[in-house]
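Put chain B on the given structure of chain A with help from the hints.
There are 2 protein chains.
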Amino acid sequence: MQKIKVAIVGFGNVGKEVMEAVLESPDMEVAGIVEIPERVHRCRGKWDDFAVVSDVDELGKVDLAILAAGSRCVPQIAPYYLKRGINTVDAFDIHGQSIIKLKQELTSIAKANGVVAIISAGWDPGTNSVARILMEAIAPKGMTYTNYGPGMSMGHTVAVKAIEGVDDAVALTMPQGNGIHRRLVYVKTKPGYDFKKVEETIKMDSYFNRDMTVVFCVDDVGRLIDMGHGVHIERKGVSGRTHNQRMEFIMQVTNPAATAQVMVSAARASLKQKPGCYTLLEIPPIDYLYGEKDELILRLL
Amino acid sequence: MQKIKVAIVGFGNVGKEVMEAVLESPDMEVAGIVEIPERVHRCRGKWDDFAVVSDVDELGKVDLAILAAGSRCVPQIAPYYLKRGINTVDAFDIHGQSIIKLKQELTSIAKANGVVAIISAGWDPGTNSVARILMEAIAPKGMTYTNYGPGMSMGHTVAVKAIEGVDDAVALTMPQGNGIHRRLVYVKTKPGYDFKKVEETIKMDSYFNRDMTVVFCVDDVGRLIDMGHGVHIERKGVSGRTHNQRMEFIMQVTNPAATAQVMVSAARASLKQKPGCYTLLEIPPIDYLYGEKDELILRLL
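The listed protein sequences derive, respectively, from chains A and B. Remember, the working numbering sits 198 above the position in the first sequence when you count from 1. Remember, the working numbering sits 198 above the position in the second sequence when you count from 1.
All the pointers check out, no bait thrown in.
Copies of the same chain look alike in the list, so a pair counts if it fits in one copy or across any two.
Derived BS3-like pairs: lysine-lysine, alpha-carbon spacing no greater than 25 Å straight-line:
1. Lys491 / Lys470
2. Lys203 / Lys491
3. Lys491 / Lys299
4. Lys299 / Lys309
5. Lys395 / Lys359
6. Lys203 / Lys339
7. Lys470 / Lys309
8. Lys472 / Lys491
9. Lys309 / Lys472
10. Lys299 / Lys470
11. Lys470 / Lys339
12. Lys359 / Lys394
13. Lys203 / Lys309
If you're looking for bench data, these hints aren't it; they were derived computationally from the structure.
Pulled out of the complex, with its shape left as it was, chain A reads as follows (with noise of 0.2 Å):
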C-alpha cells in the first residue's frame, strides 16, 4: 500500500498532535515538518528522524498539508498548497462571513488545481457543527445550545498572543448556560505596555467583543496551561409536528490532540472529494476513517 505523504505546516501545540495523530494512521506517513525559517531549531530533539523545512518544495512529493498554523495565517498559506497541487486541512476556526469568504477563496483556486481543500475542521467549528445538523435532521424546528468549555480555547488563547503588548497569555471559555460565555484572558503583558491598553485592544478583537471578557494581569502564565476543554451542545425540538424531542452531544478532551485527530481524519477524507473546498457538513462521514467501506459500515451502522 503506497501511503499519504503528510506535510505537517506549523509546530506548536497543535502540530506535535498532528505528528502524533498522522504516526498512528495505518495509511499515512510524515512527510516532513513546515515552519517558518526562525522556528525551524524548535523542532529540534524528540522529532529528529523527519525533515524540518521552511518551504515545502524542499519535502519532494506530498499529497497533503495539514495546516496547523493560527486560524488567520490560513488564507495566506492554503494557496501556496493548492497551487502546487497539493491537499490542505485546516482548522480555520473564525466563525461567520470569514469561513464564506475563505471557501469562495479556495473553493476556485483548489478546483483550478485539481485539488482539495478541507476548511474548518477542527471541533468547532468541525465536528461540533456536525452534531449540530444532525440534530435538526432529527428535529428540524427548535433551538440549539453550544456551551464550551471549561477549558482554554486555542484559538482565543493565540489571538491574544498576537496583540501588541502581550508577552505571554492564556483565554479561558467558562459556560454560563444557554449557549453563554464568559471568557476570561490571563495576560502577561510586555515591559513598557500598559495593561489597561492591551486589555481593551483584547475585548475589542473580534474573538473577543461578543461575549463578557475579563482580563487579568498576571506574572506566570506557564502555570494555568491546562489543555483539558469541552462542549456541552443540547437541542430541543420539533420532529414532524411532535414536540419535547431531546438530544446531547458531551465532550470532554484534551483540546489540541482532537483538533490535531480530526484534522488527520479529514485530510484522509479529502483523498476522497472531487476537487473543491468544503467544511465537515459537505462530507461523508464514512470518509473520515480508515478501512473497507463495506467492513466500516457492518461495524458501524
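Using the frame of chain A, we list chain B on its own:
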C-alpha cells in the same frame, strides 16, 4: 419552486409521522399514501385530503417513496419503486450482513434506473451511526457503547407481531449499561395458541437471540404503550497518542416521529446524490436540511 412529490408507503405509526414531517417541510408535498389493498380503508378520516392507493402508478408523478413499512418488507418493495424512476428511503433496521446484502441489491437496481436509494435511515441504524463515526473521527482508538432505551422498540415490536399465534405485542428495550440490553416482550396470544411455544419462537428470532429476552403473557397490550425511546452512546478513546478523550450522544424522543423525520431529511438528501444506494454514513450531512448551502454553513458551522 417545484415541490418534491412524496409517496408514503405504509401508513402505520411511522407512516402517519412521515405524513406530518412532509407537511411541515417547505420543499415537499404529499403525492399520496400507498397501502396494501386490505388496509386502504384504515387511512380514511383524518387524511381524506390525500389519495390512498394500492399501487404508486395511480398517483401520477412521484419523486420519492418513503418506505414506512416493516424492515422485512423493504427488500421486496424497494426495487418496485426504483425501477419506476422513484428514489426510495427506508429505515431498514436489521443490523449486520442483511444491510450489506440489501445495499448490494439496491445499488445495481438504483444505478440501472438512474435513481437513489437511501437505506437504514432511521435513528439506529441511521443518525446514531453517524454519531458513532463522528466519535471515531475524533478518537480512532477506543470503545463505543450504545445503550438503547428504556423504551419501546418498533422494529422488535413489529417482528414479534409477525410471529404466528401473536395477537398483539410490545417489545421494550432496557439498557443494562456497557451496551448490554434486556428485551422485555409483552404478548397477548391468539386463542388456541400455546404461550410457551410463542415465547420460544420469539427468543429464537434474529431480533432477540443475541440479548437476554423475557416474555410476559398479558391480556391487554394497549395500556402498556408509550412511544418514548432513547439512546446514550458513550466513547472513551485516543486521539493521536492522547488518551481519555470522552464523547457522549444522548437522545430522548418520541420514536416514530424521530424515525419519520430522519427518513424525510434523508429523502431530501437523496435528490442531491448520484444514482446508487447509500447509508447515512455516505451522505454529506448538509444535504439533509432545507435551505441555501452558504446560509446553512453560516448558521451551523
